[in-house]
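Visitor: Listed below are the residues making up each chain.
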Amino acid sequence: MAAILKLCGVFLKIGLVFFGGGYVLIPLLHRILVDQMHWFTLKEFLDGVALSQLTPGPLAMLATFAGYKAGGFLGALAATICIFLPCTLLMLLIASRYERFRRVDAVNHFLDGIIPAVVGLVFAAAVNLGVTSLTSVRDFVLLGAGFAVLQFTAIAPMAVILGAAVVGLLLHFS
Amino acid sequence: MEKEIKRVTLAEIAATFFMIGATGFGGGMAIVALIERRCVYEKKWLGHNEFMHGLAFSQILGPFSLNTSTFVGYYMRGVLGGVVASVSFIAPSFLLVCALSFLYFRFHQLPELKSALLGSNPVVIALILVAGLGMARKKAAGLESAGVAAIAFTASALFEVSALKILVIAGCWGLWKGWRTGRGR
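Those sequence lines, one after another, are chains A and B.
Our numbering applies: residue 31 is where the first sequence begins, and numbers increase by one.
Our numbering applies: residue 1173 is where the second sequence begins, and numbers increase by one.
Worth double-checking, as some hints may not be accurate.
Said to hold, decoys possible - Sample of chain A residues with no beta-carbon within 12 Å of chain B, all distances over it, derived: (1) 33; (2) 34; (3) 35; (4) 36; (5) 38; (6) 110; (7) 160; (8) 174; (9) 196.
Said to hold, decoys possible - Each computed DSS-like pair below joins lysine-lysine, with the alpha-carbon atoms no more than 25 Å apart: (10) 1286(B) x 73(A); (11) 43(A) x 73(A); (12) 1337(B) x 1310(B); (13) 99(A) x 43(A); (14) 1337(B) x 43(A); (15) 1286(B) x 99(A); (16) 36(A) x 1349(B); (17) 1349(B) x 1310(B); (18) 1349(B) x 1337(B).
What the hints assert, rightly or not - These stretches of chain A come out as covered by chain B in the derived footprint (C-beta under 8 Å, 3 or more residues): (19) 95-102; (20) 112-124.
Bear in mind the hints are in silico, worked out from the structure with no lab data behind them.
Note that this is a predicted model, so its numbers are computed, not measured.
For each residue, glycine too, the CB sits at the ideal point set by N, CA and C.
With the hints as extra help, turn the sequences into a complete structure.
Guide: Put into structure tokens, the structure is as follows:
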């Protein structure tokens, strides 16, 4: 029970600072779950990102995966509710007064400042994750191929991740 | 602003968003487009303008696919409608992740699954890079923004400054910049 409460606290906090779209979660969650809490190894974190991409839901489904590891189904439920609670409440509040919020420029200015920072953080996360997890020529070949497919074709990320998994399976990666 | 708002049952909201949540592969913008098609064009629950306002606010905090669902639900049936829409939207993915997590934590020692996951890991990093590039092109073009992105990158990658601090500072910078241009007019 104490573990679940702690989980709720952590994910509420993440839910509160989850600005500017899903990908900011990668640096945030990586730092908190892997470096600070040691709930995940880096490998599990990457696997979790892959799994969350196999669903139609947002990347924040990573919270469900983290919760599941910490406390089974109940943990998954608690983590999911907590990470989405702040944004849902804010959205309900805004929706109820949106005629008035419409002209608040401050929101746009705040976001204009945050988005470039999110871009920098996302690249930093890719580098941090890459430095430790890309260990062989094979990994870099897959990275390059994946990058090319995702960047230059319209194939869905889910299909690309599954495709890479099949490659790993058929070539017996170990 | 007394506008005719269709009377929609909560069950219909739930069914609509559950279907969107179950079939909306492709993430983020693809889902928003799907919501727009179902709710604005097919069911005519709300107008295109209202939808666009909702979308603008959706980008503040959290995933905008979920927030857009909440907004549409609220627009139709108030707080209850908003909660029903967001829960229905998330439910399919939630169940799917639970099932996948169960399989993962039970079987990830299997050599076959290990191989498959090792194949997927570099692609996950590619995905993050592509996402970053896409955002950079759309939202961080221009010298000043690129500078902020570079500073955030350096602070996070080399000096391990926490992401939260970086975000708050960047947000304040945005506010200050907005305030300055506002005053200059």
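Visitor: Each hint should be assessed against the structure and marked as holding or not.
Guide: Verification of the hints:
no. : hint              : verdict
1   : 33                : holds (16 Å)
2   : 34                : holds (15 Å)
3   : 35                : holds (20 Å)
4   : 36                : holds (18 Å)
5   : 38                : holds (16 Å)
6   : 110               : violated (6 Å)
7   : 160               : violated (5 Å)
8   : 174               : violated (8 Å)
9   : 196               : violated (7 Å)
10  : 1286(B) x 73(A)   : holds (11 Å)
11  : 43(A) x 73(A)     : holds (24 Å)
12  : 1337(B) x 1310(B) : holds (24 Å)
13  : 99(A) x 43(A)     : holds (19 Å)
14  : 1337(B) x 43(A)   : holds (13 Å)
15  : 1286(B) x 99(A)   : holds (18 Å)
16  : 36(A) x 1349(B)   : violated (38 Å)
17  : 1349(B) x 1310(B) : holds (19 Å)
18  : 1349(B) x 1337(B) : holds (18 Å)
19  : 95-102            : holds (count 3)
20  : 112-124           : holds (count 8)
When each numbered hint is compared with the structure, violations occur for hints 6, 7, 8, 9, 16.
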